[in-house]
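Take a look at the letters that make up each chain.
2 protein chains.
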Amino acid sequence: MTQTQEKPTNPIPQPQKNQKKNQSQSQSSSSSRSGMKLIVPLQGVVQGRGGLLLGSLIPCALFYFLQFYLKRRRSNHNPSSPSSSPTLLPRSSSRSNLSSRGSISRVRVSKLASILSKPDDSLYYLGLDRVSQDPFHSLLNPNGIIQLGLSDNKLCLDLIEKWLVKNLEGSVMGNGDINLSINGIAPYQPFHGLNELKIALADFMHQVMGGSVEFDPSNMVLTSGATPAIEILSFCLADHGNAFLVPTPYYPGFDRDVRWRPGIDLIPVHCRSTDNFNLNITALEQAFSQARKRGVKVRGIIISNPSNPVGNIMTPDMLFSLLDFAEDKNIHIIADEVFAGSTYGSEEFVSIAEVLDSEYVDKSRVHIIYGLSKDLSIAGFRVGVIYSYNKTVLDAAKKMSRFSSISAPTQRLVTSMLSDTRFIQEYIETNRNRIRQVRDEFVDSLTKLGIKCAKSSAGMFCWADMSGLIKPYSEKGELELWEKFMTVAKINITPGSACHCIEPGWFRICFTTISFEEIPLVIERIRKVVESCKSSN
Amino acid sequence: MTQTQEKPTNPIPQPQKNQKKNQSQSQSSSSSRSGMKLIVPLQGVVQGRGGLLLGSLIPCALFYFLQFYLKRRRSNHNPSSPSSSPTLLPRSSSRSNLSSRGSISRVRVSKLASILSKPDDSLYYLGLDRVSQDPFHSLLNPNGIIQLGLSDNKLCLDLIEKWLVKNLEGSVMGNGDINLSINGIAPYQPFHGLNELKIALADFMHQVMGGSVEFDPSNMVLTSGATPAIEILSFCLADHGNAFLVPTPYYPGFDRDVRWRPGIDLIPVHCRSTDNFNLNITALEQAFSQARKRGVKVRGIIISNPSNPVGNIMTPDMLFSLLDFAEDKNIHIIADEVFAGSTYGSEEFVSIAEVLDSEYVDKSRVHIIYGLSKDLSIAGFRVGVIYSYNKTVLDAAKKMSRFSSISAPTQRLVTSMLSDTRFIQEYIETNRNRIRQVRDEFVDSLTKLGIKCAKSSAGMFCWADMSGLIKPYSEKGELELWEKFMTVAKINITPGSACHCIEPGWFRICFTTISFEEIPLVIERIRKVVESCKSSN
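Sequences listed follow chains A and B, in order. Each residue of the first sequence is one higher than the one before, starting from 1 at the first, in this note's numbering. Each residue of the second sequence is one higher than the one before, starting from 1001 at the first, in this note's numbering.
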């Protein structure tokens, strides 16, 4: 009997789909209505009193006649009919109308597209979206949402602009042989980056990292930003279903870059406020062995150093321990060093490249991510670098770089900018000073409001402890506070949960998207939330 | 007994790996040699006369002592020793030397990276590589290899250059509000493209495609070239292990864009010279049903129209049939239309978008690829477009576009260029005339050598039948002829096998990489090969 009941229900969705289709054709909407008149009593027969015979034969016959009827109606709308739009293409041969006998169901997309097409559930992206709908502007939209959720550095745009105005034309088109220059930008160029830019970048990285480590341009693959650099590295280092360890709190973008298309899992290694969120090798060991027990293949560890979102810097000792750990487990290290030049504290940044220079270690497991979005504040230019000591990885990454290559005019422009040593020196110094100035003022003001920040030495953000303001002390309380900041204070900040922080109540606040002069305004808005929290507690 | 034989062999590879590592450290290479002295007699014991006890206990004990010995030697190389380089970082805590007790085997990369890091076996890439090692230059390297294997259009670079010289600065930096302009290029911009560029591109596509079809900027996702556009679409439309149908001969790049990272298979649908390599729906049906029988899920069909490498154009009737086929099978259509504006024949190009306008079909299965590398000859600028009628696909593609986004200065530049209607009109016309002129002369000259080309109306190449010159009539013969062109004539062309052509002896020859004046030189080089083939036959 189950068969009897199941079988006849099959044909019913089909005409309904046909109807849907026909409804969009205004003139044939009446046919769908008449179709419904047929189907409703039919359902009664099928689901209730019919038997095997009635339940299977009658609907099939009716379905056939219905299709025949709809097909006839449809063929009245041939493209050459006067009702169609004047630009329509005529069709010389008769239409086979395959569509009416085949499946007209909605075409399927990939599983990945189904997931990605849904609205983001991470508050990191949700916050960015909300800002884009109502962005603050001191004159045009003074009540808009202030963006403190994106580490965009706007403190030195005046320097970049001044340089561009002066040098743009010469740097893109060349000042010498005209024919040479157009051939250097319009036709295809090496996808993994122009050699000139690699050399200039190696110099810039050397300079930014304190002049104590050299970079070899032949170890570089250039990409359109650090984001594809991380993705390409992920594709190179691990297979779908493998995993990377990642200390928390971590940059929300890693989930996207590593999980989405490479299909690699991220295993959080929780760091604590009591350690100022510094990495702990024992926690790493535990996470590794637990993953192994679950049958997960761990293929690497991703660190961001200087840390995003905390802003602290790894000590050389910690880097040595990490190398030992990676060598012991025979896994890779991906070191995201995009904030290397944006230091302001007394602690000096040490690149993992420098530690490698001093140790007899297998360098082939170490890969550095760098880019110009942070330290040179040209995120819109999309310039990223994979720096690897592994020839196999470099060879594979070079091939993948054609999916993420930088436009040649931009490469020429950036090469020229980086090669202007006087400008670069001035830029690095001014940028550090301005970051320090804004950061000190901002963190001081927060302290006065009773909000303490984690100790930090780099980055464009502070990692603020607002656990005293949340109620309940849980992720729920954190999200409610985030919502309050968004709606009451109209500022977008990144909640710790978006960074997989295990302790609730921490927030990343970027301060380089505003000017020094705008700090009081932001602090005033934060004060409102603090006071409302205190009064309700 | 099998267990006895297997078990003791395990420890042996370990010390060998240790040796490898130590050999790179010059001072400890003697340790590896002494290690070998221990291992060789040990192997005799284990594999032959030992038993369970000797075979498992002795090697384990020896292995332990060997590791202990190597560890001691290794610890002599502590980083603070005077032999290390002067910039070395000191290590404050004692080194744990985890590495010497763990696996020191070479770190694994992903399967994909292993495959991609190997040299290309496709003659398409091999040819491009060879040119890059010895590129022809009329003055500097007149005996170098002439590039006819890449569809780069160099015929109108003078127009592009003239425009750039005049407009570069104003288009990137803006002529008005200075503060507005730096904010429009340096900070993060929408990853899927600036709206201004989408509008300009929609206009350009409308113009290039004969003015008979409108494009909606909101259906666009911009990418850094058509290559990532195809890859992103692949990720959106099918899952790993699914397949797309693709008529042959096809552009060798599809294999890379669809197979590498999305992991989608390409099922060739063979077209024949007797049909001038036009698509045949019966062949499509057969390929589809055969794939289904093998349990492969076909999720779409990729066409290039105008065809690369043949240069023919699909008739509206064929497009109608394709739509019927796709609707019948409920699959997607990806139409690569990057050569839409590079037409020279009497046949008019009709975009699939135009056919959709005139038919009551489900547009959500149709996706168009476009870009400016071919029709505007700015391949180095990396500007590509996904044009889709499917909201889910657009939403997902927008998110993926952050891995392939175009730099903002380039977007501003191109927006300005495309908005210069007088320039664009002049460019399109001049470009078509020049392509036609070079193509006619080139094909005529080939005909005089006895080489006929397929009928074509678009593109930057001809599809030449050299089957009369190959011996044996097979892929082997074709490859030998390719090698002869490379070494005797010193020209790089693309053999049909690289395009999955089922008939041997066809070659794609790009003619827009040379100037009109260089045609006699190229033809002379080809003549050499033709004559040598004829004399040897």
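Worth double-checking, as some hints may not be accurate.
To be verified - With a straight-line cut-off of 25 Å between C-alpha atoms, the simulated BS3-like cross-links for lysine-lysine are: (1) LYS297/A / LYS1293/B; (2) LYS1391/B / LYS118/A; (3) LYS476/A / LYS452/A; (4) LYS1118/B / LYS363/A; (5) LYS166/A / LYS111/A; (6) LYS1398/B / LYS118/A; (7) LYS111/A / LYS1293/B; (8) LYS111/A / LYS1448/B; (9) LYS166/A / LYS1162/B; (10) LYS1363/B / LYS118/A; (11) LYS1452/B / LYS1398/B; (12) LYS1452/B / LYS398/A; (13) LYS162/A / LYS1391/B; (14) LYS448/A / LYS471/A; (15) LYS1166/B / LYS398/A; (16) LYS154/A / LYS166/A; (17) LYS1484/B / LYS1471/B; (18) LYS1448/B / LYS1484/B; (19) LYS1111/B / LYS293/A; (20) LYS1452/B / LYS1528/B; (21) LYS1484/B / LYS111/A; (22) LYS111/A / LYS1476/B; (23) LYS166/A / LYS1166/B; (24) LYS111/A / LYS1166/B; (25) LYS363/A / LYS1166/B; (26) LYS111/A / LYS1162/B; (27) LYS484/A / LYS471/A; (28) LYS1391/B / LYS391/A; (29) LYS1528/B / LYS1476/B; (30) LYS391/A / LYS1471/B; (31) LYS452/A / LYS471/A.
Hints in this document: simulated from the structure, not taken from any laboratory.
Against the structure, the hints come out as follows:
1. At most 25 Å may separate the alpha-carbon atoms for a hinted pair to count; LYS297/A and LYS1293/B exceed this at roughly 35 Å.
2. In summary, the hint linking LYS1391/B to LYS118/A is supported, as the alpha carbons are separated by about 11 Å, within the 25 Å threshold.
3. As the CA atoms of LYS476/A and LYS452/A are separated by approximately 21 Å, the hinted pair is consistent with the 25 Å bound.
4. A hinted pair counts as satisfied when its Cα atoms are at most 25 Å apart, and LYS1118/B with LYS363/A qualifies at roughly 21 Å.
5. Proximity of LYS166/A to LYS111/A is assessed by CA-CA distance (about 49 Å); at most 25 Å being required, the pair is judged violated.
6. For the proposed pair LYS1398/B and LYS118/A, the alpha carbon gap of about 12 Å is at most 25 Å, so the pair holds.
7. Of the supplied pair hints, the one linking LYS111/A and LYS1293/B holds, its CA atoms being roughly 23 Å apart against a limit of 25 Å.
8. Distance check on the hinted pair: LYS111/A and LYS1448/B sit about 54 Å apart at the alpha-carbon level, beyond 25 Å; violated.
9. Straight-line distance between C-alpha atoms of LYS166/A and LYS1162/B comes to about 20 Å, which keeps the hinted pair within the 25 Å bound.
10. This hinted pair checks out: LYS1363/B and LYS118/A have alpha carbons roughly 21 Å apart, not beyond 25 Å.
11. Only pairs whose Cα atoms come within 25 Å are accepted, and LYS1452/B paired with LYS1398/B is rejected, the gap being roughly 44 Å.
12. Distance check on the hinted pair: LYS1452/B and LYS398/A sit about 38 Å apart at the alpha-carbon level, beyond 25 Å; violated.
13. As the CA atoms of LYS162/A and LYS1391/B are separated by approximately 41 Å, the hinted pair breaks the 25 Å bound.
14. For the suggested pair LYS448/A and LYS471/A, the alpha carbons sit about 21 Å apart, so the restraint of at most 25 Å is met.
15. Proximity of LYS1166/B to LYS398/A is assessed by CA-CA distance (about 35 Å); at most 25 Å being required, the pair is judged violated.
16. A threshold of 25 Å between alpha carbons decides the hint, and for LYS154/A with LYS166/A the separation of about 20 Å falls inside it, so the pair holds.
17. The suggested pairing of LYS1484/B with LYS1471/B holds, with an alpha-carbon distance near 12 Å, which does not exceed 25 Å.
18. Only pairs whose Cα atoms come within 25 Å are accepted, and LYS1448/B paired with LYS1484/B is accepted, the gap being roughly 20 Å.
19. For the suggested pair LYS1111/B and LYS293/A, the alpha carbons sit about 23 Å apart, so the restraint of at most 25 Å is met.
20. Proposed proximity of LYS1452/B and LYS1528/B is supported: the alpha carbons are some 17 Å apart, at most 25 Å.
21. For the proposed pair LYS1484/B and LYS111/A, the alpha carbon gap of about 47 Å is over 25 Å, so the pair is violated.
22. Under the criterion of a C-alpha separation no larger than 25 Å, the hint pairing LYS111/A with LYS1476/B is inconsistent with the structure, at around 41 Å.
23. For the suggested pair LYS166/A and LYS1166/B, the alpha carbons sit about 16 Å apart, so the restraint of at most 25 Å is met.
24. Only pairs whose Cα atoms come within 25 Å are accepted, and LYS111/A paired with LYS1166/B is rejected, the gap being roughly 48 Å.
25. Only pairs whose Cα atoms come within 25 Å are accepted, and LYS363/A paired with LYS1166/B is rejected, the gap being roughly 49 Å.
26. Proximity of LYS111/A to LYS1162/B is assessed by CA-CA distance (about 47 Å); at most 25 Å being required, the pair is judged violated.
27. Proposed proximity of LYS484/A and LYS471/A is supported: the alpha carbons are some 12 Å apart, at most 25 Å.
28. Annotation: proposed proximity of LYS1391/B to LYS391/A is violated, straight-line Cα distance about 41 Å (limit 25 Å).
29. Taken as a hint, the LYS1528/B and LYS1476/B pair is honoured in the structure, with Cα atoms around 20 Å apart against an allowance of 25 Å.
30. Of the pairs offered as hints, the one joining LYS391/A and LYS1471/B is violated, with about 40 Å between alpha carbons and a cut-off of 25 Å exceeded.
31. For the given pair, LYS452/A sits about 18 Å from LYS471/A by alpha-carbon distance, which is consistent with the 25 Å threshold.
Comparing the model with each earlier hint shows violations of hints 1, 5, 8, 11, 12, 13, 15, 21, 22, 24, 25, 26, 28 and 30; every other hint is respected.
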